[in-house]
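**Student:** Chain residues, written in single-letter form:
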Amino acid sequence: DGGITQSPKYLFRKEGQNVTLSCEQNLNHDAMYWYRQDPGQGLRLIYYSQIVNDFQKGDIAEGYSVSREKKESFPLTVTSAQKNPTAFYLCASSTKDRGGNSPLHFGNGTRLTVT
Amino acid sequence: AQSVTQPDIHITVSEGASLELRCNYSYGATPYLFWYVQSPGQGLQLLLKYFSGDTLVQGIKGFEAEFKRSQSSFNLRKPSVHWSDAAEYFCAVFTGGGNKLTFGTGTQLKVEL
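Chains as they are written, first to last, in the numbering used here: chain Y, 1 to 115; chain F, 1 to 113.
Bear in mind the hints are in silico, worked out from the structure with no lab data behind them. Some hints here could point you the wrong way.
Derived DEER-like restraints, expressed as beta-carbon distance ranges [stated by the list, open to error]:
# : chain 1 : residue 1 : chain 2 : residue 2 : range
1 : Y       : Ser73     : F       : Gly41     : 44 to 52 Å
2 : F       : Asp54     : Y       : Ser80     : 44 to 52 Å
3 : Y       : Glu62     : F       : Gly41     : 38 to 46 Å
4 : Y       : Thr20     : F       : Ala17     : 21 to 29 Å
5 : Y       : Ala61     : F       : Gln42     : 22 to 30 Å
6 : F       : Ala29     : Y       : Thr79     : 46 to 54 Å
7 : F       : Lys61     : Y       : Asp59     : 48 to 56 Å
8 : F       : Ser18     : Y       : Val52     : 40 to 48 Å
The beta carbon of each residue, even a glycine, is placed where N, CA and C say it ideally should be.
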């Protein structure tokens, strides 16, 4: 079955270390997204990519970086510059439809804890 | 700026009772609206969406939502709630450019047996 795989499910890091979260999809979707979820704040967009080798900042991109070298993969790096990195991170994908007529498909998330 | 408001943070209903979750949006043009559901520790699943046409849309799991332009609302309803409906529900509006969605802060639904 097609879907989005995020790994690992739980991730622990020490403060000051960079960490990379994996996101792979086999839905043949052009667009991919990273959201951060915090209690009571809903989902906030970090980065998104509509095509390979191109990506744009979302609403809260500071302290994060991404790459899109392959259509299937959109890894997110949480850098030491991110002041409050502990959160639940969700990756999503969709077909490339600028009209909005393309629902997001979500992975099951990675819970990152930084101490 | 576009925004989505879900005024109820928590809602508790008895199994078998009806449910209505509220969603209000702020958007200049005709909105594309969505409802997603999230089980604990999981990703989000699309329940239903509204783009145009009939203002009452049907979704999966027996949910429906009604778009009311005059009230800027897109409330989610279910006639009879099941214990398995306990989850967090998010309303979202398409805000243009790269298929981006703006999400509300969510409503946590608890179902009492």
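**Student:** Evaluate each hint against the coordinates.
**Tutor:** Tested hints:
no., hint, verdict
1, Ser73/Y x Gly41/F: 44 to 52 Å, "violated, 23 Å"
2, Asp54/F x Ser80/Y: 44 to 52 Å, "holds, 51 Å"
3, Glu62/Y x Gly41/F: 38 to 46 Å, "violated, 27 Å"
4, Thr20/Y x Ala17/F: 21 to 29 Å, "violated, 45 Å"
5, Ala61/Y x Gln42/F: 22 to 30 Å, "holds, 25 Å"
6, Ala29/F x Thr79/Y: 46 to 54 Å, "violated, 36 Å"
7, Lys61/F x Asp59/Y: 48 to 56 Å, "violated, 30 Å"
8, Ser18/F x Val52/Y: 40 to 48 Å, "holds, 47 Å"
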